[in-house]
Structure formats: structure tokens, C-alpha cells
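**Q** In case you want the letters, here they are:
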Amino acid sequence: MTDLRDFEADIDRILTRLERAAPFADIVAQRVSGQGMRLDRRSTSPSTQARLQGAALRAWAGSHWIEAASSDLTLPGLEVAVDGIERALEATSVRSDPPGPSAVTDAEAITNPPHPVSELGMEGMIALGKDVLGWATQVPTVRDAVVRIAWEDEERLYINTAGARTYQRITRVNAVVSPLAFDGGRVEFDFLGEGGIGGMERLTFLTEPNVKEVAECSRALLSAKAPPTGAMTVLLDPGVAGTFAHESFGHGTEADQFVRDRSYLKPLLGQVVGPESITIVDNGAYPGGWGTIYFDDEGNPGQRTVLINKGRFVGALHDRETAQVLHARPTGNTRRSDFLSRPFVRMTNTYVEPGDWSLEDLVQEAKNGILLERATSGIEDPLGGQMQLKVKHGRKIENGKLTDLVTSMALSGKVLDFLKGIRGVSSARDFRIEPGYCGKGHSDVVPAGTGGAYLLSNAVVGPA
Amino acid sequence: MISPESATPVSFRVADKLHLGAPWEVFGERARRYELHFNGRVIEVIRGPLVVEGYGVRIFRAHGERTGIGFQASTDATESGIALAVNDATQIATHSDFPAKRVDLPSSAASPGVEAVDPKLWASPLPYLQEYVDALLAPFDSIKDAVPSFGSVRATLTETSIANSAGLHVTYPHTTIALELAVKAFGGSEGVPPGEYWVNQLTRRVDPESAGDPVPSWCSYAEDARRAVAPPNGELPVVLPAHVLAGILPSVLGFRWTGAARLRELAPASGTVVGVPGLNVDDDGRFPWAPNTAPVDDEGVTTRRRTLIGGGAVDELLYDVLHAGAFEVPSSGNGLRGLSFGHRDWLRFVDAPGAGSSTLIVEPGTGGSDAEIAEIASDGIWLQQLGWASPDAISGAFGGEIRIGYRIRNGKLAEPVRGGTIGGTVVALPGTPSLLSCIAAIGSEARLVDDLSSPTLLVKPLTVAGDAGGRPT
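These protein sequence lines map, in sequence, to chains A and B.
Just so it is clear: in the first sequence, position 65 is 65 by the numbering used here, and no numbers are missing.
Just so it is clear: in the second sequence, position 347 is 347 by the numbering used here, and no numbers are missing.
Looking at chain B on its own, in the form it has when it is part of the complex:
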């Protein structure tokens, strides 16, 4: 079994014990997790250290012009544990069949040079989390009739290591902090039910000094939910800020712009016009403090920035090692683990890598501030929060219930709206309306939210379904 105090990274220890023909790869992680769960200002559970150390071994076996891939993950790095994992992977490889003529694993990696570790969190996890939570919740003391009703902060401190048969030995640390907070507004008129605003954030660092800054806004959204009215029914200009777009764009572009989609005839051809001329979208695996930022991808390939959409037209696609092998192109450094729904960022080693986007960057435009974007919309909806956009990466459809939004009247935010749905298609055939092709304004200031850095976008129109009676198509 693995000693929790082992100094040598797990993938190096496993690699040293492998007796395999090339090519092979070992991805290992040792994660320490710390959590604070609270109910109001009361701590419910203190968790940590939650220690997990494991590895995934992947082997590649040529079957003529194709390749068999075997993968197995384990938390057992003893000789016998490794033997079992390798045996599993070998068996899997005999049944696997993938159209890659060859697999080129990286032999060296760039120096770290990325911002992915919160040093204070790394040095003193639980006290620093407690300091952050105290700062986050402090503003509630001076806000009347609003409380944090349910919340948690979960920090994961990880040492990732990758070794392969090409000679790569790379290791780097990284931190993530997930915040979940339900803000409840109540009081006032008898009979008016409470309202809630639900905050979910994933970051690489936190700052207690500014932790409480957004709390008054969150409380306002919760209060506005109490007096919100149903939206109108129809095709309307809709303003989508970065935190809404973060639930829409990465799921669709992060699949359709990959070699995996290309292999299945689902990727757009290079040069196809999919968006307005002012739309430029990149993928950047080194974007400062983004949750997926790392010096190398999960296959050890050095990360970099790629242009996915330039001037509204399709440019590059993203590749992991396998799909790069299928198309005989280099990997773009986009082999990522944990791409499936419900993945756990402290158990990434249990997943084989696939092709995906790291951090999508929508370049700022000339639309100005959020207030100026609303001014351009003139009459429409400001979407503050959707229930769950849950985009369909294949059809591109997205949408959901408006949990809180605002009517825009005469270019200004007016009454709050809630209920009803907003939906559309992220990307569609040329000539068919879509989110990307109907962008009417691109804001001038980008914000990093989870896996997306984007300015606010005005889309004109999207379909809004209110409760004003059915409208047949």
C-alpha cells in the first residue's frame, strides 16, 4: 500500500515498477481535501484531511493501422497492486480498437510558469479556509433580512505527476476551491415567501480581503426573486453575463471543437462561419488562475493558447494524443481527465483522458460596460441566473428556467423576472440562427468564471417562454 507520507510522486514510483513495452503512461495524483460546511453562521461539519493517492496506467498496443488502448486506475501502488492494474489494462487493450496509426507521447515538458497554487491555502489549509469563510459571511451581520442558509467551501490540494515510456517525468502542484452558498432573503410583508440566490464558484485561489464584496449583490438578487414577475412570451433580446455563459459555451464548444467530434463528423469544418464577425474565441490552458490551468495537460503535453473562432469563422480544433494520432496532427495539449458529468476533481486519476477545452476565452469587444450593453438591448431580458442550461453538445440546444433576471426597458434594468424559460442553439448551420450568429454586442470587459473568460454578450433574439398563454410555432 501507499504510504501517505511518501515523498516520491506516485506516478514515478509506479513507473519504476513497470515492466512493459512502450508506449505507456502513468498519471498520478496525491490529493488532500479540506471542507467546511455551514448552516447559517454555524459550522455543521469540518472535514479533513481527506487523503487520496492513486494512479491511472494507460498502455497502447498497435493492431495493424489501429491502436488498442488499455487503462486502469488504482489506489494500490504495491508491486501486487500495480501488477493487477497492469493486467487489467493489458486485457482491455486487447479488446480496444481506435483508429490511430501511432501514438506520440511527449518526452519533455515546459517549466511550470503558470499560476495554479494558492500559497496560503497550501501552507495552512483549514485555518485559511476558516479565515475565508469568516470574511465571506461577515457582511451578512450588517444586512437586514438576509442569511446564508446553506453552504460549503471545499479545497483540494493536489500534487499531479506524469511519467511515460518516452522519458517524461513531470510533477506540479495545484489548488482548487469550490464555494457553494445559498443566500436567503426574507422578512417584510406578511405572506411574501423568502427568495434565494444560489452561488457556485470554482477557483484556484481565494482572497479573504475581498471575499465578502459580492455578498450585498447576492442578497439583492435573493430579495428581487421575491417580487419577480413572469417574463413575457416571445423572441427577445437577451443579455448573457459571463457567469451564465460559463454554463453554456464550454459544454458545447469544448466538445464540438475537438478531434473527438471531428472523428464522429460532429466538428465544424475549418473556415465555416459560425458567429458574427466580431467574435473571437480561444482556448488557453495557461490562463492565470483558471481551474483547468496547468503547465501540461493530463497527458504531459505542454499547454498553450489556441484560436478556435477567429472573426466568426472556425479556426483550430483541440486534440489529445489519441485523436491527434487518428488525424496525424500534433496534440494541442488538450488531453483532459474528468470530462464526464459528476466527475470529482480529487479523483481525476480514475478517468482516462479525452479531448476537451481547458479555459475558453471570448475576447472582449466594443460594446462597453454592462450598463451600455443593456442600453443597446433597449427592450429585452437581463439573464442573471438560469436553473441549469445543461447544453446538448451534439445538437447544440441549451436552455432552462429563469431563476432570476430583469426586464430591460428603455435601455435600463427594470422589474425582476422569474419563471418561464429561455433557450436556443449555441452553434448551428450557416444561415440558421444561433447564439453565436445572433450576437448583437460584445462587452468590453471580460470576467473569469470557472472554465470561461468572457465579456457580457447581447444575443438578439432568444426564445423566451412566459406564462402569457401558448403560442404555436
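Here chain A stands alone, though its shape is the one from the complex:
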């Protein structure tokens, strides 16, 4: 089998069986392939994406969903899964339709870059990785570097009993280099990474000047001091601003949290939550975005949804059920981590729209504070409205100028206070979207893009 669509006839037969047993059913089949490599000074570790495939089957049981899944896409394998669903449905008597509108989309979309990374072959990826390692280790004290390059083709086929059929093949490419600087027993590193949908153009950032610049930062971190602690003016770099948009604000706009009464944002829909300079968007249709999807796992196209428009909280992210409960439309944000995981309302590419400040003017406006750079993680607090963002390093801002480099830190605060405190966002010149992975709670990880431009506000900062 060379294409997920080769299994479609058997998958259709299974849907026909489900249609006889339930008022509504759908199937998501998934298949992945790809290659990657990781190298450092001591080892070269190429890899291939697992030959993994399977299907998730879902049927409406009148008051809740029943799901089964199988890693075997042949008819006998899928029948084992559908047998389980039919047994569970026999215990239910309600035949009502499921909540919300069923997608009827009939479309296909395939990533088709002019120069796929697959053309590099494993030899080409390793050769590029060795170039990067060589550039990084030319910087004094940088004795090693970890270089990762990977591409992945992911196919998803969605069909439902309302007539929807979507097929997509998304090619994601990502690379990251982490130069390691040593001084006695102390080790520090900075990193540089990019990722998105596409081909070779996603790797053009791996240039000698860029790699040496990040290696120099690794070296400088060896003598960097701990950050200041306490409440202060904070300037977020575009990646950190994007992590704020996703983790701190975006998770509270996933409308399944509204339905559970588990979002501090629910009562604020339609209200002003920040200055006019702040606009936050989730965009599953962002061209080339790491979190871009052509269709979600309920058959709806990926789309742009404005969450905050010039300071006003105007939109939430919906699946079919939340759309029904909250009188909205599905927004193309229903995603399964894989065929074995349930669907949730999830973000795609979430970002702060650029403003009209320059970085220099924002630093002057801050006067004293700290610039937080290189986002490493963040975590949501959808009910409590607190925020945690972590970064690899930063710079002090003193008397309107960037000064000393400082080591890793965490940012904390109340999201609504942070939004109200925003004093400016830099221009499109600084805008970028970075690749990341997002869990719903502690599991169900999906690719998610986060981005923005430099953003100035206030928060508590401490070493971490």
C-alpha cells in the first residue's frame, strides 16, 4: 500500500456498518512516514518515521460518544473495532442525533513543495548536519552541538455518515541546533530551530552566520548571571509572545472548557480585555505554519479565528458539540493526537498580530526591566487565569538600553493583568511563527505553531 486511500473501500464498508447501528458515525484513518537524523560530535543517529497506521471509529450513542480504534486497516482488523462499538450501542436505546452540525466537506489537499526535503536523502541530511556541527564548534568553548533535522508526511482520511470525505497529506519539516559550551564542569546551551509545512525552504535558516551566532550565545551563557527577581517590566521576544498567546490565553478560548465551566474567559466574551494594540488569532490555514491543518478531525477546513480583536475578546474555538451548546459554528479546531486518541478542541497556529512599534522604541519605553528570549515551555491555567512561561535566556533593560545577558527564567502573573498592561507590540518585520507541541492536559500532544512580535507588559520573573 502506498497511500492511505488504498484502504478506503474497506473503511467505507465499516462506516456502512456503523451507519446501521448509530444515528451518526465517523472514521479518521491515519498514516505517517518520514525520515530524520540527530548527530553530535560522537554519534550519528539517522531514523525513519515508524510505519504506523490505523483508524479511529466513533459513533453517537444518544448521550455520549463511543469510540474504538485499530492499528489494522484491513477489513478483518477494522471489524474487531466495529464489533466493540456495536456491542456498546446495544446497551443504549436513545437514537437522537449528535449535537452540532455534521461536516459535509468533500475535498482533498496535499502539501506539494517544489523541493521536498526527501530529495536530500539521508546522506544529504547528514552532510548538512555535519556542516552545522562544524560551524558551531568553531566557536571557542563550544565543544559539541546537537543537530536534529526531520521531515514527516502525515495522511489523514476522514469520512462520516453525513457524506463528508476529506483527505489530506501534510509534510512537516523541522530542524534545531543546540551548541553546547563547556567551562570546567559548567555546561550551557542556546538553541535555534524552525519548522513548518513545506520543503527545503524550511532549512535555509541553517547558515554559518546563524549557527555561529547561536553558538556565541551558548558561550556567553557560561558567564551570564541569574536574572533579577520580582515584579517588573517585561519585553517578550516573538516566540515568547506566541507562547503567551497559546498557553496563557489560547487554552482558555477552547470552548470545551466553556462547556465545562472551566475557563476564566467565558464570562468575558465580548468584553474589552486589553488595549487596542493587542490582537490574537488562531489560524489553521496559515500558509506553511507548523500547526496548519487542511481539515480537522470532524471534516471541517482549517480556518482563521480571531480571538482578541484590538483588545476585545471576540472569539472562541469550537468543535461540533461546543458550537451547539454555545450557538456558534465549528471553527476547524477538532484534532486527534493520533488514531488512538480522542478528539478535543485544539489550537493550530496561535499568534499575536504585529503592531507598529520598533524593538528599539519598545526597549526605550520599558526603560528598566527584562527582555525574555527563546521560549522553552509554558503551561495553561484555564480556570485560574494564571500564566507560566519559561525561557532559555534574556537581557536586562537598563535606562532604555539592552545590557547584561541573564540565564534561564520563568515568568508568572495573571493573564488579564498582563493583557491590560500591554504597552506595545512591534511591527511585522519581527513577526515569526515557531514550531512546538501542545498537550491537552498532560497528554494528547499535537503540533502547534506559536508566534508574534516583540510585546511589552509587566509580570513577575524569577530564575528557573
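Treat the hints with care, since some could be wrong.
Pulled a few chain B residues facing chain A out of the computed Cβ check, cut under 8 angstroms [said to hold, decoys possible]: (1) Arg-47; (2) Phe-71; (3) Leu-84; (4) Ser-96; (5) Trp-388.
Residues on chain B that point at chain A, a partial pick, calculated with CB under 10 angstroms [claimed, not checked]: (6) Arg-66; (7) Asp-76; (8) Asp-88; (9) Gln-91; (10) Thr-94; (11) Pro-99; (12) Glu-196; (13) Gly-271; (14) Thr-272.
By construction, these hints were calculated from the structure, which means they are not laboratory data.
Because the structure is a prediction, the values reported are computed rather than measured.
Glycine included, every Cβ here is placed at the ideal spot set by N, Cα and C.
Please arrange chain B on chain A, whose structure you already have, making use of the hints.
**A** Chain B in isolation, oriented as in the chain A frame:
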């Protein structure tokens, strides 16, 4: 394709069809997954059986004094599916380069003898999960103004099998149960927003009889979050219970104390003093009911207990087969799959193994009960929950936002605190303050939480960032 009803373990079936020169290894798993997701007391989704069966084949090819390693995983165990996977692995091995002169695969394994299967769950997964969830949620009926707002219980029942070219054929069953629960407290004074306590647990077994026991405490934490105040700013004694340490210690020690870290000059040298004299830390692959407990590691090597830190000084490191080959030492039984972020415990076969800790054991000390540890702290912070410690295994830095904690005043827990950050470094150069070197008291009673069994620790000091204004360093 694989028949879901096949009786022979998948790795044995695949191994029988391999026509390869030694050495090679096949790791296979057949997993059945069952899940209940609930919103309050209402079931949202019932999932299962979610069936996945697959294998990872790994081949080793000598390149002079070094070794090329090829790995591929697949859910297709037909002749043609195996041929594709082997071809992938062979191609990978030609490009791979690792400094192991030889690879010694195990030829036999110890008898199971570990506690890793919940028999009631294995026999009747969905009804038993339902019984557990009912018992877990029952106490909420009698607790005013607190509800479970979002939760799930996900059980995975797995048959692991490993075969290799040295003649090993081993299979064993195991179960895991992941609980996620958001507890919301509300009501009372007008305008006071609700509070939440977020529970995440991974275990090998559950007991409906005691499932509801911790619920009143969880509700108290959620209620306390509503009236919590910002912490002070400064260097303070901080008490870290086992469930907080579980998010910190395994990520750092589980990498730095391995052959993988040694190869990259990131492991501490044997004998280096990294902690206080009373600190003893082991790794135990057979610790009863721990999520990583198994009779053999993921390369088939018999698991056992190792001393990582004895009397505050570095003792042994942990090795998988490959890194053992690089240093010409035996594997310690620490070849583990699924070490990366976001790994899925029902798809472990898709990952090649690496060196890591199984269950870290911090031995109890003489500090006494939690109340006595607070008494010793005198004035500080009891950290009940961090947002996410997300430690950096290389630099050792950890920290995050206080989601709920308590001020300790005059040796007693006082007002709740929330917001601000707590952070530090887990392990540092001798003479540099770190979590391990600043332990002021080690509690007398250990608790198993995920991959860590530990008593409560008092660390004196850690950096606390509150909202009392910036304090330049």
C-alpha cells in the same frame, strides 16, 4: 496484517520470519486501551477497545571499532511488512555511526517476579474502570461547593515481548492507569473567582476502595487557591513533597546519571560530592507497582536496583546496551523506550531504546513527618503544586509558577500562596548551591509518585520571586 486475536507474541512471530545476520532485536507490544472521560459526573466519551499491535526491529552492524544501528517500527507483521521494516532498518544502519566496539544482547532473562499487573483491571477493564471512577467521584456528593470539572481515566493493558539473535524470548504483561482530574471549588462570597487543583497520576493499579480518600484534600487545595496571596520575594526555605519532586528529579538525574550523558561529558564523575551527606538515591527497575517496573528492561536485560548517590557522592551510572558497549561495561538494565516528551505509553514500540532511570528512590531520612519538616523550616514556603517544573537536564535548572503553596510561619502551615515563581538548579558543581546540596532535612516516610519514591525534602534556600517589586541580583 496482524490478527488481533493472535496468541503468539508479536515479536516472536516477527523474529521467526527474520533472515538476518546477528546481532538483531525485536521489541513488540500488543496494547488494549480503555478510557472514560467525564465532565462533572457525566460521562462524555467511553473509549475501547483501542487495539494496537506493533514492533520495532533493531539491527547492529560493525563498522570497524564502531557500530551502525538501524531501527524501524511497524504495525504490519506480514512477510511483506517485515521485509519493508528490515529494509528501512538496514538502510539506516549503513548511515548510523556510534562509538560502541561491540554490542552484547542478553540471552536469558529472570523470571517475572515483579508487581506490574492489576489483575482486576486485566480481567474486566471497562467495568472495573467504571467502578473506580464511581468511587473516585462519590465523595464529591457530600462536599459542598466543589466539583470534578474535567477528568479522564485511561488504562493500558499491554503484553510486551522481546526476542533477539542471542536467543532471548521473553514476554510479560503490565498495566498502567493514568488519572487526570481538575477539581473546582466555587461559591461563597460574591465576586470571588473559582479555584482549581489539577491532579495527574500514573500508576500500575487502582483500588476503588480507597479511590476517594484524597478527594477532600484536593478540594481544600482548590478552595485555598481562591484566597491565596502572592508569595514574598527572596531566598527562602522551601518544602518539596514527593509529588513536586516527581516533576523535577527524574528528568535531571535520569539523564545526567547515564552512559548517554557520560558519552557527552555531561555525567558527574564517580565520587563527586553532589549532595548533603545524608542523601542516598537509587534506581530500582523492580520497585513494586511503579509505572516503569518490569522484569526486564526494554532490551531484555534483567532489571535490578543500583545506587546512584551514596552519602551525597556519585556512585553508579545507568547503561543501556549501546552505551554499555561504548564504555565496555555491562548494561545496568536501563534501556528504556519512550523517553522523549509527549511519548505515548501505548506506542512504546515506535521508539528505539535509550539509557534512562526507571524508578528513582530517595531513601527516607531522619526529618520525621511532614509536620516535623515544616517545624524545621520554621519560616518559608510549602510548595504544593508547581505549574510545570520542566527541568533542563543539561544545565540542571528547574522552576515554575506556584499554583498552590503555603507560607510556613513559626513552623506551621499558614496562609495559602499562589503566583510568583520558585526555581533553582537540581545539581551543580561542588561549591555551587543546588537542590541536592542544600537539603536541610529529609523526611522519614517515602511516597511513590510516578517515577519517584521519595520522602518530603526541605531545601534551604531556593529563590522565590513574588510581586513585591524587582530585586536586582
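**Q** Decide, hint by hint, whether the structure agrees.
**A** Hints and how they fare:
1. Look at Arg-47/B: its Cβ gets to within about 4 angstroms of chain A, closer than 8 angstroms, so that hint holds up.
2. The restraint placing Phe-71/B at the interface with chain A holds, with a minimum CB-CB distance near 7 angstroms, inside the 8 angstroms limit.
3. With 8 angstroms as the threshold, the beta carbon of Leu-84/B comes within range of chain A, its nearest partner Cβ sitting at about 7 angstroms, so the hint holds.
4. About 6 angstroms separates the beta-carbon of Ser-96/B from the nearest beta-carbon of chain A, less than 8 angstroms, and the hint is met.
5. Hint status for Trp-388/B relative to chain A: holds, with the closest Cβ pair at about 4 angstroms, below 8 angstroms.
6. Taking 10 angstroms as the C-beta cut-off, the interface hint given for Arg-66/B holds, the closest approach to chain A being about 9 angstroms.
7. The beta carbon of Asp-76/B comes within 6 angstroms of a beta carbon in chain A, closer than 10 angstroms, and the hint placing it at the interface holds.
8. A cut of 10 angstroms between beta carbons decides the hint on Asp-88/B: the least distance to chain A is about 5 angstroms, and the hint holds.
9. Hint on Gln-91/B holds. Least Cβ distance to chain A is approximately 7 angstroms, under the 10 angstroms limit.
10. Interface restraint check for Thr-94/B: the shortest CB-CB distance to chain A comes to about 9 angstroms, inside 10 angstroms, so the restraint holds.
11. Below 10 angstroms, beta-carbon pairs count as interface contacts, and Pro-99/B has one with chain A at about 6 angstroms; its hint therefore holds.
12. The interface hint given for Glu-196/B holds, since its Cβ lies 4 angstroms from the closest Cβ of chain A, which is under the 10 angstroms cut-off.
13. Restraint check, Gly-271/B versus chain A: the minimum CB separation of about 14 angstroms is more than 10 angstroms; hint violated.
14. Against a cut-off of 10 angstroms between C-beta atoms, the interface hint on Thr-272/B holds, since the closest Cβ of chain A lies about 9 angstroms away.
Of the numbered hints listed earlier, the single one contradicted by the structure is hint 13.
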